[in-house]
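*Asks:* These are the residues of each chain, in order.
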Amino acid sequence: MKINVNGATHDLGEINPRTPLLWVLRDHLSLFGTKYGCGISQCGACTVLLNGEAMKSCLYPVSAVGDAQVTTIEGVAAKDGTLTRLQQAWIDLDVAQCGYCQAGQIISAEALLRKNPTPTDDEIYAAMDPNLCRCGTYIRIHNAIKRVADENKSGQNGG
Amino acid sequence: MSTLNYDSVNEITEFFTRQAQPDYATQNAHIFKLDRRQFLKLTGIAGGGLMLGFALSRARAHADHVDFNPSGYIKIDSEGITLYAPNPEIGQGVKTSLPMIVAEELDADWTEIRVVQSEINPAAYGQQYAGGSTAIPSNYAKLRQAGATARAMLVQAAAEQWSVSPSTLSTELSQVLHAGTGQQLSYQELASMAATLPVPSSENVRLKDPKQFRLLGTRTTGVDNEALVRGEPLFGIDVSLPDMKYAIYQKCPAIGGTVQSANIEDIKKMRGVVDAFTLEGTGNGNDLLPGVAIIANSTWEAFQAKRALKIEWNETNAAKDSWSAARKEAARLAQEPATQIANNGDFDAAMSTGTATSRGFYEYHFVSHAPLEPQNCTAHYKGDSLELWAPTQTPSWAIPTAARLTGLEESQVTLHQMRCGGGFGRRLYNDFLFEAAAIARRSKNPVKLQWTREDDVRYDLFRAGGFHQMDGCVDDNGKVTGWRNRYIAFAPGGRPANSMSGGVFPGGLVENLRVEQTAINWAHRCAAWRAPGANVFAFVVQSFLDELAHAAQRDSLEVLLEVLGEPRSVGGGRRGRGMHTGRAVNVVKFAAEKAGWGKELPKSSGMGVAFYYSHAGHIAIVAEVSVGGEEDTVTNRSGENVIRRKLKVHNVTVASDVGPIINLSGAENQVEGSVIDALSTMMDLSITFENGRAEQTNFDKYRIMRASVSPAVEAHFIDTGEHSPTGLGEPVFPPLAPAVGNAIFAACGHRVRTLPISEEGFYLG
Ligand code: FES
Ligand code: FES
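As given, the protein sequences belong to chains A and B, one line each in that order. My numbering puts the first residue of the first sequence at 1, with every later residue one more than the last. My numbering puts the first residue of the second sequence at 1001, with every later residue one more than the last.
Chain A with its partners taken away, still in its complex shape:
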């Protein structure tokens, strides 16, 4: 079986097709940024982009990926390593505490902003509620997304 992750095709050989994408990423492809938190689609630590849509990967069988493009946190920055404005906002606003949930948070925010570059507060909440933060960094997560949304609104950096 083959899947495409962050622009590269990976041959998974004879893998059990029911293996959740999360564990394929972590154990087979050594992409450790996507995290295990609950395994039952409740916490969002395992969120990845599937053709640009946020998807929890802990219950998602690898066989269902098919031709879809998977993007993990490692694939969010540009190929040359340049961070996105969203990632930069995360650094500048010092969002993380333990940091364990943050890859999933950034992926969910990324999916939101791709679809809707200027979300309202309520739209941000709706998009981010699937992602738990046990350390309670919700306020800063919200502000980081707001910052990018505001930049997009005022037309800076071309959205």
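Quick caveat, the hints were computed from the structure, so don't treat them as lab data. Just so you know, not all the hints are guaranteed correct.
[As the list claims (entries may be wrong)] Pairwise CB distance ranges (calculated):
1. B:Glu1566 / A:Asp121: 53 to 59 Å
2. A:Thr118 / B:Gly1628: 27 to 33 Å
3. A:Gly13 / B:Thr1218: 25 to 31 Å
4. A:Gly52 / B:Ala1325: 35 to 41 Å
[Stated by the list, open to error] Distance condition first, Cα-Cα at most 27 Å in a straight line; then the derived DSS-like pairs of lysine-lysine:
5. A:Lys115 / A:Lys79
6. A:Lys146 / B:Lys1648
7. B:Lys1328 / B:Lys1382
8. B:Lys1594 / A:Lys146
9. A:Lys2 / B:Lys1245
[Stated by the list, open to error] A few chain B positions that, by computed beta-carbon distances, are all more than 12 Å from chain A:
10. Leu1185
11. Glu1232
12. Phe1303
13. Gln1304
14. His1716
Beta carbons: idealized from backbone N, C-alpha and C, even for Gly.
Using the hints provided, position chain B with the ligands relative to the given structure of chain A.
*Replies:* Here is chain B with the ligands on its own, set in the frame of chain A:
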């Protein structure tokens, strides 16, 4: 009842719980004292450069053996300046804030510094841990000294090079400057020469006047932020070694049960399974419980094999814990006098002459730590050595037990500290690490042990529930004169978790005060959970004080200030380091002023105030809430019918006095996070037990708060300049629940006395 031995659980819990108590600072006064002898050591490094190590609290006790110490250094070499962060990072920000202290006195350019997690080496560093909000107070003086000493040596090196007096030189942004000639040399250029100089003794090194601080007190972003947003592997769960296998360990769902038989041969035949075997427990509730280990080629194959396990448990000595039975017992115990812990004045006389009295039965449920990264540990046993990679809060305490379980000497065990995906006290206990060591001992390959979320909740060392029968009175003037706190604790293995003391608020503040304690026997492990003891006692005592204020028909803020009274130390804090009512009054007034206490509020809205002292921090919180109308009737966890009502928490204003702030950004983050954690916990978090089993084991039933219901949080800090800095990871948590509860009463007249308050019908909207 379980026959597990909880002595070592209790030992750790008590160590960290003591930090929360009013007399914490005096018991731990030694950690503030700096050894006057020279404590810094110099060592040469290849290629030239300055490497300065510091020897520390425990090394001092064994000063004879630690005459050379390459650990815990500032390193300045051709690659630049490297600072080593000695304590585990669990989200409290010490990997950033501790090196900031060194950098301040060193006058180093923070933007150019590299920070590295130091090795775990108890002989060199003393105990390395993250707990009790102690990292800042216990390291502040010695890290300043380390930075200032290195700076003095670099200045001396420049003075010799230029043949001028050191007193004519200044430092800034990793440079030594000579104002007279305009010459300057970088620390890197000076490092090799500085390394040949004697280390000045601490008496000869001048520390900065805090007014000259350039870095401390600023908003400084976390040193790992970039690695985190790139998804780099920093955490325990991200460890990967060549030929590594994946392990899982199944224990009895009722703690204390042993393996009677298991379908091990069937499991071994499963695809991807490498080995499966039974391990006997040690009988110690803090290291290895009995169970079945499975080693597989991947995590998911290990999970699948675990699901296929069929184990017959012997539950003769297993937990029989029942929350519903415990509640009934508590209701009965509340009616009987219990053991007196404190008895000041004459409570009974005060009650008989009191003008107004109040009584309330308070209850709080068990909760789980549930750090977002489930417990895991990677271990490699090679016959004569053991190497561990662990997300632990107490790395140096793990080594002796890991050595014992694998039949090795402590010196044969190496532990690599990994970043922790949350701690909250869970990782003070290293049972997961000991399991990994025991499993690795049976494996040729290195193994990564992964707990499922269900394991993580079920085998937590919980924050114990509890009950309080509260009685009190006010006199003619509405002054609180009588107070009785009858506490019904849970006692795992016969010893009360969260033991009460006479120093608990309002100990030393109310004239006629009685504290009683009794306990219900319990089998499940209970332990330190963010702000242990304080996190539940604050709710009870600050809510009940509000009840008395209302009974007296007085303003809650006015009564709280009156109880705190004149500025003085109370609760055994000598040298002004315990609770000080002057500091308490300051934060209470400050929070009230910032929140606009007494202002006109819309209908069904209210404000509540609460104060608590823990972990040497004085914290006041004012919460502003609104409560919706009565909705449908639902059945709560205890089988009672309650009416649902929507609660909105609009604003939370926090005033903290923890002395000077090290990293303002980190401090504000801790305040916001503590408020959200405390709100989440008070709203809906509960672990109930029946038939010896926890009834909630994952986030579907253990419902942590979501982002959309977050309140606005304002963080204010008071620093009078008279105090040393103290920790902020815990003390903001305790006063949040009573502030919200008191605000609910102000908004709608309903007194919440149960945590979580979803038990009384409230949900966040
Ligand atoms: S691990 Fe997938 S949602 Fe929690
Ligand atoms: S930062 Fe720790 S879980 Fe979100």
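*Asks:* None of the hints should be skipped; say for each whether it holds.
*Replies:* Hint check:
Checked against the hint of 53 to 59 Å, the C-beta distance between Glu1566 of chain B and Asp121 of chain A comes to roughly 46 Å, which is inconsistent with it. For the pair Thr118 of chain A and Gly1628 of chain B, the supplied restraint of 27 to 33 Å holds, since their beta-carbon distance comes to about 31 Å. Evaluation of the 25 to 31 Å hint for Gly13 of chain A and Thr1218 of chain B yields a failure: the beta carbon distance comes to about 52 Å. Range check, Gly52 of chain A to Ala1325 of chain B: about 53 Å between beta-carbon atoms, so the 35 to 41 Å window is missed.
As the CA atoms of Lys115 of chain A and Lys79 of chain A are separated by approximately 22 Å, the hinted pair is consistent with the 27 Å bound. For the given pair, Lys146 of chain A sits about 22 Å from Lys1648 of chain B by alpha-carbon distance, which is consistent with the 27 Å threshold. Under the criterion of a C-alpha separation no larger than 27 Å, the hint pairing Lys1328 of chain B with Lys1382 of chain B is inconsistent with the structure, at around 53 Å. Proximity of Lys1594 of chain B to Lys146 of chain A is assessed by CA-CA distance (about 26 Å); at most 27 Å being required, the pair is judged to hold.
As the CA atoms of Lys2 of chain A and Lys1245 of chain B are separated by approximately 23 Å, the hinted pair is consistent with the 27 Å bound. The beta carbon of Leu1185 of chain B sits about 32 Å from the closest Cβ of chain A, which is more than 12 Å, so the claim that it is off the interface holds. At roughly 7 Å, the least C-beta separation between Glu1232 of chain B and chain A is not larger than 12 Å, which violates its mark as non-interface. At the 12 Å boundary, the C-beta of Phe1303 of chain B falls inside the reach of chain A, the nearest C-beta of that chain being 8 Å off.
For Gln1304 of chain B, the requirement that its beta carbon stay farther than 12 Å from each beta carbon of chain A is not met, with the minimum near 8 Å. The claim that His1716 of chain B lies off the interface holds: its Cβ sits roughly 16 Å from the closest Cβ of chain A, which is beyond the 12 Å cut-off.
Violated hints, listed in ascending order, are 1, 3, 4, 7, 11, 12, 13; each of the other numbered hints is respected by the structure.
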